[in-house]
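Novice: Line by line, the protein sequences are chains A and B. The opening residue of the first sequence carries number 0 in numbering that gives the first Met the number 0; numbering runs sequentially from there. The opening residue of the second sequence carries number 0 in numbering that gives the first Met the number 0; numbering runs sequentially from there.
None of these hints come from the bench; they were simulated from the model. One or more hints might be untrue.
What the hints assert, rightly or not - Partial selection, computed: residues in chain A whose CB lies under 10 Å from chain B:
(1) 25
(2) 43
(3) 46
(4) 55
(5) 60
(6) 64
(7) 220
(8) 359
(9) 360
Quick reminder that beta carbons are idealized off the backbone N, C-alpha and C, glycines included.
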Amino acid sequence: MGKVAFWQGNEALAMGALAAGCRFFGGYPITPSTEIAEKMAEELPKLDGRFIQMEDEISAIAATIGASIAGSKALTATSGPGFSLKQENLGLAYEAEIPIVVVDVMRGGPSTGLPTKAGQQDVMQARWGTHGDHGTIAYAPSSVEECYTMAIEAFNAAEKYRQPVLIMSDAEIGHMREKIEIPDPEDIRISNRKKPTVEMDKFVPYKADPEDDIPPMASFGDGYRWHVTGLTHNDWGFPTNNADEIEKKMTRLMRKIDRFRDDIVRYDTESVEDADILVVSYGSVARSSSRAVKDARARGMKVGHFRPITLWPFPDKELEKLARKVKTIIVPELNCGQMVLEVERAVHGKSRVIPMELVNGDLFHPKDILEKISQEVR
Amino acid sequence: MPSKEVYSWLRTRFFPHMWCPGCGHGIIMHSLFRALVDLKKDQSNTVIASGIGCSSRMPGYIDACTLHTTHGRSLGFATGIKMVKPEMTVIDVMGDGDCSAIGGNHFIHACRRNIDITAIVMNNNIYGMTGGQASPTTPGGALATTAPYGAVDPTFDLCRLAEGAGATFVARSTIANPKQAEKYIVDGIKHKGFSVVEIISSCHTQFGRKNNRRTPISNIEFLKSATVTKEKAKDMSPEELYGKIVVGEFVNKTAAEYTEQYLAMTKKVREG
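With the hints as extra help, turn the sequences into a complete structure.
Specialist: As structure tokens, then:
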């Protein structure tokens, strides 16, 4: 086993990104994500990496995408309002298939909202924030240790599937300190983007391998010349208005995530085998739920917990399987019912779904969730 | 027709281009091609970035490492590339709205940062691609679809804006003097630091149609008659200078370049 550290979630996320091979950070300070930028500013020069504080969130993600095009694994981090600003260029990264990792340390909203209090109100923005259709990969950490390992996983997914990957953390996880065990570097699996192997004049920049729908990506400055654009483009990367080419591009963009859905989706379960009631929660809320489930079990109630680790793609198939066995599903969230809609969609009416909303800046106390469980048992 | 020595830089696969026949932007592209050939730049180590608008389609026609980004944001993308690969030549082509409206914040900060990128601003005083709306450089009183009774907004002097924000090389020319435009592009690329080369272009289709400059040639004639050199302008009164285009090299100074400073800092950190 590796070393032990006592880190904050944001710090662990930065260190995990570095362990994944991230060597560029483009940022703009915003609470409660700022410690990620601060840590990267401190650590990147030591590794011959590059940190740049840009003039705003828009240029911060622009620089991050540029760095990735130039061959670097690149990260940007922000919170709600900054995440809104980044959406425009995030869309370009989906369209042009540029791997980057974007962290949103969620706070309450809308607008400036609650800068120092946790929220989960950006869940739908993560899925549909930018205009246009695209597949989304978004993770939600529930512990400091997971911030570290998830940063590695997010970079691996971004590199493998050649697109932006989101980490939807929250103020509670970002600012909490916990003991974590840092894996040895040799125990960490690192994925890197596929590079072209053909000669420059044979290189067709968006010609995808039929095996995985992912085109190899050359870096600017490595001898290959190609065109990056946010316009819908053909295999050559050139803008197109041809219906067949447009359709080919769009279906591939969606398909490359659909076909690897089972490899991407991650979730966690606790005491679900004989459960009659299921609590579904993620991020910091999952910690309260987990406590509540333990306390309920100690009182003899048959309760389990299902935690989506990837918010997108949502673990719907896996949840549906459990929904066939349980009577009730309780969904506590720090928003007015964003993910509960996905839960309802996934379970197809097979069990009763009860939302639990909290948007007053507080966190769910395990007692509140236990109370709700007890009501359902009665 | 482009001169033969620039053929190797043409991405003929991408042609025909989408500019209107007689568009001023073609002259600027030719000047840029000639500058790149003059400087013997390596196509695989040259980046041409752009935002959105007529100007922004230029990188597609150039056989180099090219990117067409979002409206006004190209300097951010170019900055990320330059930070990772400082050895690459990075050129950012932008339109007047791209540079000074939506991208105004990015433009002034690139000037302040003094990162070694050459910004070529193709100023045709109008939003051409979206159909002729007013831009921050549309002259006062000029007609545009969003200024049907004449533009009320004061216009931006992009060179003075760049100078004030700290750009270390600033020059202006027009498409009526392509050799001068080419020279400033060469000087801007050679210059270590952030360079701004503003080239006054023309849009006879969208601007000229409403403002009595309906043909490409009438625009060239206008630019020739309105151009005043920096030297000559020194002795002219504000009234005499009204509506004139002052051309010349306005700033050429040495200052620490951003990536060099950053790399020197990281070296110091690593060596303890």
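Novice: It remains to establish, for every hint, whether it holds in the given structure.
Specialist: Cross-check of the supplied hints:
Hint on residue 25/A holds. Least Cβ distance to chain B is approximately 6 Å, under the 10 Å limit. Evaluation of the residue 43/A hint against chain B yields a held restraint, the C-beta minimum of about 8 Å falling below 10 Å. With a cut of 10 Å, the hint placing residue 46/A at the interface with chain B holds, because the nearest CB-to-CB distance is about 8 Å. The beta carbon of residue 55/A comes within 6 Å of a beta carbon in chain B, closer than 10 Å, and the hint placing it at the interface holds.
For residue 60/A, the shortest C-beta to C-beta distance to chain B is roughly 8 Å, which falls under 10 Å, so the interface hint holds. Given hint, residue 64/A at the interface with chain B, holds; its Cβ is 6 Å from that chain's nearest Cβ, closer than 10 Å. For the restraint placing residue 220/A at the interface with chain B, the shortest Cβ-Cβ distance is roughly 4 Å, inside the 10 Å limit, so the hint holds. Hint status for residue 359/A relative to chain B: violated, with the closest Cβ pair at about 35 Å, above 10 Å.
Taken as an interface hint, residue 360/A does not check out: its beta carbon lies about 32 Å from the nearest beta carbon of chain B, beyond 10 Å.
Against the hints set out earlier in the document, violations occur for numbers 8 and 9.
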